[in-house]
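Colleague: One letter stands for each residue in the lines below.
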Amino acid sequence: MKNLHSLKDLVCKLILDIAPEADMQSLDPNEELREELDLDSMDFMNLLDSIAKETGVNVPESDYAKVNSLQSLTEYIATRR
Amino acid sequence: MKILTMPSFGADMAVGTIVKWNVKPGDPVSRGDIIASIETMKGLIDMEVFDDGIIVTLLAAEGEELEIGRPIAELQLKNEEDSNNSSVQIVESGDAHSVDVGSNTAVNQEGASNSSDSQNDVTKESRVLTDVEVKSGDSINTRRPKISPAARNKAEQLGIDWRQLSQGTGPDGALLLDDINIADTQSAEPALDSVKGPKDMMRDAIAANVSRSKRDIPHYYLQLDMVLDNTLNWLSLHNADLPPSNRILSNAVIYSAIARTLSEFPAFNGFYRDGHYQPSDSVHLGNAISLRQGGLMVAAIHNAQNLGLLELMEKIKDQVNRARKGGLRMSEMQDATVTVSNLGDRGTDSIQSIIYPPQVAIIGIGRQRIVPWVIDNVVSSATIISMSLAADHRVSDGHSGARLLNKINKLLQTPEKLV
Amino acid sequence: MNIDNSKVHMGIAHMQFLFKQMLRIRRFEEKCAELYTQEKIRGFLHLYIGEEAVAVGVMQALKAEDAVFATYREHGHALARGLSMDKVMAEMFGKVTGSSRGRGGSMHIFDVEKRFYGGNAIVAGALPLAVGLALANKMQKKNDVVVCFFGEGAVAEGEFHESLNLAQLWQLPILFVCENNGYAMGTALAISESERHIFRKAQSYGLKSHAVDGMNVVEVESAATQYCQRIRKGDGPCLLECNTYRFRGHSMFDTQLYRESDEVEAWKRKGPIMKLQRWLEANGKLSSAELKQIEDQVADEINQSIAFAERSEIEDISDLYLGVYGESES
Amino acid sequence: MKNQSLTYREALKIAISEAMRNDERVFLMGEDVGNYGGCYAVSKGLLEEFGADRIIDTPLSESGFVGAGIGAAIGGMRPIIEVMTVNFSLLALDQIVNNAATLRHMSGNQIGVPLVIRMATGAGKQLAAQHSHSLENWYAHVPGIKVLAPATVADARYMLSMALKDPDPVILFEHVMLYNDSAATPKPEDCPDMHQACVRKAGNDISLITYGGSLSKTLHAASELEKQGISAEVVDLRCLRPLDTQTLFKSVDKTHRMIVVDEGWRTGSLASEICALVAEHCFWSLDAPPSRVCSKEVPIPYPQHLERAATPQVAQVVEAALTLLNRDVT
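Residue numbers (the numbering used here), protein chains in the order written: chain A, 1 to 81; chain B, 1001 to 1419; chain C, 2001 to 2330; chain D, 3001 to 3330.
Keep in mind the hints are simulated off the structure, nothing from the lab. Treat the hints with care, as some may be off.
Stated by the list, open to error - In silico lysine to any residue, SDA-like type, Cα no more than 25 Å apart, as pairs:
id, chain 1, residue 1, chain 2, residue 2
1, B, 1325, D, 3328
2, D, 3201, D, 3277
3, A, 53, B, 1343
4, C, 2020, C, 2086
5, B, 1317, A, 26
6, B, 1317, A, 61
7, C, 2268, B, 1030
8, C, 2268, B, 1021
9, A, 8, B, 1020
10, B, 1078, C, 2293
11, C, 2020, C, 2287
12, B, 1078, C, 2292
13, B, 1002, B, 1037
14, A, 66, B, 1296
15, B, 1325, B, 1185
16, D, 3254, B, 1158
17, D, 3227, D, 3328
18, B, 1317, A, 58
19, B, 1020, B, 1052
20, A, 66, B, 1381
21, B, 1002, C, 2033
22, B, 1317, A, 78
23, B, 1146, D, 3201
As the list claims (entries may be wrong) - Some but not every residue of chain D turned toward chain B, in silico, with C-beta under 8 Å:
id, residue
24, 3180
25, 3284
26, 3285
C-beta: ideal position from N, C-alpha, C; glycine also.
So here's chain A without its partners, still in its complex pose (with noise of 0.2 Å):
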């Protein structure tokens, strides 16, 4: 099992490829990711698809509804690696 810190560490590199801005030490991890760092449709869907290509993890868009927190799409990945 990927050791569940350092997959956290990549998912927020990756979230801040596409909100530079986003200011990830503030962010609950447990909080709906889409409000807090105001990511619209396109935003997740490039966030998604870079973790397809880093983890090979691919979550169907059936799945969105659990992957909406930091903590919730960290454990989603580790789950399925």
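Given the coordinates of chain A, work out where chains B, C and D should sit on it, guided by the hints.
Modeller: Same frame as chain A, now just chains B, C and D:
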């Protein structure tokens, strides 16, 4: 001992040459004797001595050209202490305290003391104003916003309403040519560097544009709620086993429906300039992209009416990414024939937009939301968007606007036709 | 025609006074030449050396209320008329304590209290002014004389002829004094005037006029005195031509190509001061001690005027517009 | 090597003697041009070369000899009349304006007056008010005459021959401060046609329009401005009537800002005419009011510090430019 110096015979004499000495060291001289002849540009002039005494040394040779005031001989005054003979010891050249009534230095030598100080050149309020000193404040139209003729001329050429621009950089806030040039470059192609550049300039440009639009264009507004379920269902089927990069977002479908419909409604797709309307034969769909740090840019998707869904999706994705990294091309930002304004998932139910001159219509898309909806007299739920149309009443009217919205809605119900 | 100057009684004390007046002008002008070569005096400088007898002689005929117009070669007239040497020197140094606040320089010395209406840099420029002032005196029934000095060069100007005609036409109380020194700057009288006797030009307009030896201060004084008496009696304008010579160039920057040096030397031997000095010494009226005392007094006055000029202030630039227009009489 | 450079005064003399050698009808007439060698030593030596028949010293009768020059031109000669300075030309204004400028038109194009009048002009030598005038604009006001202001040694060398070829009267103003200027010996191509203005220094931010004696000060100001990152264009008018408006408008349309540097008094000056022209023809390209740096409206005073305060100086031109460009004046 008195030093004799090269004499000045006139204001425009800078140098003199001793052509002939009439005396040699040891010779006695008395006041008025001619002791040498000096060559000047006007010819030979006699040099006289002004005191009785004895020549001690000659400091300058014949033929030697010297500046005024340079020592040329030394004179031992007759009985040095003889009071009536030695004139008051005029401190020789370079005496500090004697005021320089006028050394023959070049005219533009700006001695600090006497450089003219125009700020206080008229402190004494002479009863009669000799110089026409019209204070700038005297002009009556101080309240009217000021603009230089060159700036106003340029503003009118560019169709910029300079009255809306903020303070100029000229005197009393007058608008100058540079101010107009900045306002112009800034509203025409807000290249990324302008994004990175001062944000207030971008704000000024948006301000200028929307103000002009609100003032010049008689907007009318229409709105229609459209059921999106068919489109969404088709999309989830289509995207089901595709990686994120190949998936199609609902916006692409909506934009495609709008573009195809507009190609059949020329009164909503073109330019209104200098009092007459010019419809465009192709639909360059302006996509209003909000930038993460604030501000807005409109990038045109060229010939959107001919693009398939996949192509359109790629176009939109590419533009948004490039816009956010400042890579938009000039052409993309200037020639949109109509614009779509979309606040995205966290927007409001609906949005009434302001048309971008010289366009004549703008479509606003509210957020997707699930609402109660009556189908065959039975209340159930549906995912809808409210689509608004703001159009220029000089060019079109509500009836054709309504037909436009209804046609878009009809296409959204059969997304598969848009592929 | 020569005026018999024996009628004019000249006391010895008066002769000594005339001598001192001329010597005072001579030494002043020599010092100005020196100050000019040291760039203390700027602009143009026209020296009166050699012509002292004319100014000193004519001034003896004037009362305090009489008016004087001079030319740019005016230091002698100003000093002979009684202007303070301090003020004249300060004016040439461009100081605000000068006779014209330092604004005029050597060519524009004014002192209305002494009724000295200044030099004028434009040849013959002052003649119409003098005629006008005489007209004003006549209109106001003032029994004052206006004296107008000018060089023989001025007779070539139209203003000379217009002024003499008006003066005679209106019978104005004016004495024209022509200092004929033979050269208008670089042009000799011989090559510029068809009629070289200036007094004959005046006679052609009907003025009482004759010529005198400008080097003889006594002859000048007596002729001027008689003409002023005529004028005060209302017998109309006169013109006195004084034949004289300037021992220096027209101005400081003059190579004097236009005249021969032996001509200059010849006139120097007939100089006005030397002539009177020899006469006084021959008659035992001027001992070497008295001469030294006069020279010392003159040197002191000159040095004191230079010190005054040196320590005086220049005018403040903020006063530049002062005097462009006057206060309107409320 | 001496013959590599030429002074402004020598350039004028060569031009005169060249003209006289090439054309028998040309002669030089004026005050002290012969024996004295010219008040500014321009004609020194010409009397020896051409003799008294063609180098003519005149009495001090400006109206007389200028009128005579006009008459000689009518009679088939090509006179060069030297009026010592513009200050004395006032006595000849009637002849120049009512005869020279008017005869051709008034006679129904029968009588031309092919004449060149040369005058010194301007201040800077502490000669006080009567000897420091800049009145080029008086003559540039009058239709029927042309007015030139050679500011460089090249113009001094070659403008005269162009003026002599002109069928109408041409007045050549030589600023007194230029006579000592020297430059590399000019070639004919260094002197464009006399009617053309000349951009002496190209620039983009502001046009400095000037002529004659003010050119060197204006160029100096332009180099000062260059140090502050301002690129000033200096236009030398050269011809004051008729004005080369094409060059003027082209420059102002480019830079959008203009200052005229003119030693005349501002009211009714040449600078006013240029501002009016620019306001009429370049209005829509003006980004700042057309401005002027002229002499203060006072008679020019004698002391150097007041003369400088009264006449345009480099610092004022720089300051005016900075103000026009909205830059704070250091």
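Colleague: None of the hints should be skipped; say for each whether it holds.
Modeller: Here's how the hints hold up against the structure:
1. B/1325 / D/3328: violated, 39 Å
2. D/3201 / D/3277: Satisfied, since the Cα-Cα distance of roughly 22 Å is no more than 25 Å.
3. A/53 / B/1343: violated, 29 Å
4. C/2020 / C/2086: The hint holds at about 18 Å.
5. B/1317 / A/26: Judged against 25 Å, a Cα distance of about 29 Å means the pair is violated.
6. B/1317 / A/61: holds, 18 Å
7. C/2268 / B/1030: holds, 17 Å
8. C/2268 / B/1021: It holds: about 23 Å lies between the C-alpha atoms, which stays within 25 Å.
9. A/8 / B/1020: violated, 103 Å
10. B/1078 / C/2293: Holds - the C-alpha atoms of residue 2293 of chain C and residue 1078 of chain B are around 18 Å apart, at most 25 Å.
11. C/2020 / C/2287: Distance ~14 Å between residue 2020 of chain C and residue 2287 of chain C Cα, so the pair holds.
12. B/1078 / C/2292: holds, 16 Å
13. B/1002 / B/1037: Distance of about 20 Å is within 25 Å: holds.
14. A/66 / B/1296: Measuring from Cα to Cα gives roughly 32 Å; hence the hint is violated.
15. B/1325 / B/1185: Holds, at roughly 19 Å.
16. D/3254 / B/1158: holds, 19 Å
17. D/3227 / D/3328: holds, 15 Å
18. B/1317 / A/58: Holds, at about 19 Å.
19. B/1020 / B/1052: holds, 20 Å
20. A/66 / B/1381: With a Cα-Cα distance of about 23 Å, the restraint between residue 66 of chain A and residue 1381 of chain B holds, given a limit of 25 Å.
21. B/1002 / C/2033: holds, 17 Å
22. B/1317 / A/78: violated, 28 Å
23. B/1146 / D/3201: violated, 32 Å
24. 3180: holds, 6 Å
25. 3284: Hint on residue 3284 of chain D: holds, closest Cβ of chain B at ~4 Å, below 8 Å.
26. 3285: holds, 5 Å
Checked against the numbered hints given earlier, the structure breaks hints 1, 3, 5, 9, 14, 22 and 23 and satisfies all the rest.
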